Amino acid sequence: MQDLENETSDDGFWELPQGERTVLLKQVSRLSDSIQGWETLDSLHDDLEAAAELYREEDDADLLKEILDSCEKLDNDIDSLEITGLFNGEADDRNAIVSIHPGAGGTESTDWASMLYDMYRRWIA
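For what it's worth, the numbering used here labels the leading residue of the sequence shown as 74, then goes sequentially.
Simulated from the structure, these hints should not be mistaken for laboratory data.
Hints should not be assumed to be uniformly reliable.
[Unchecked claim] Simulated crosslink set (DMTMM-like; lysine to aspartate or glutamate; CA at most 25 Å straight-line):
| no. | residue 1 | residue 2 |
| --- | --- | --- |
| 1 | LYS146 | GLU163 |
| 2 | LYS146 | GLU122 |
| 3 | LYS146 | ASP115 |
Because the structure is a prediction, the values reported are computed rather than measured.
Build out the structure end to end from the sequences listed, making use of the hints.
Written out as structure tokens, the structure reads:
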């Protein structure tokens, strides 16, 4: 990460062709987002450990609810980072064209293709 940041702050960076600059800046942005996500998880984990220790001492029901909510948030954040980690290839940030065609099966096949289409439309919205 540090090497990429040094390369983008170098005087010769702006003399590079536009395509190379764009690739470098996207790499820096992707790595920065990933690092920030993991740092956030680490901070939330530390907060949860401190809250759990406090709960052991005080046995407060409100604190327990807060801990459970934070655990759920931590779990969601971990899932999000795992999914983001799956899409780290060169072309993963590009658009895609998806075609859905019903196969053999008549009306049921057409209905299924329609439901699948609706599901994808809601997912990208």
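Here is how each hint holds up against the structure:
Among the hinted pairs, LYS146 with GLU163 is inconsistent with the structure: their alpha-carbon atoms are about 30 Å apart, more than 25 Å. Of the supplied pair hints, the one linking LYS146 and GLU122 holds, its CA atoms being roughly 14 Å apart against a limit of 25 Å. Proposed proximity of LYS146 and ASP115 is supported: the alpha carbons are some 13 Å apart, at most 25 Å.
Hint 1 from the list above is the single one not met by this structure.
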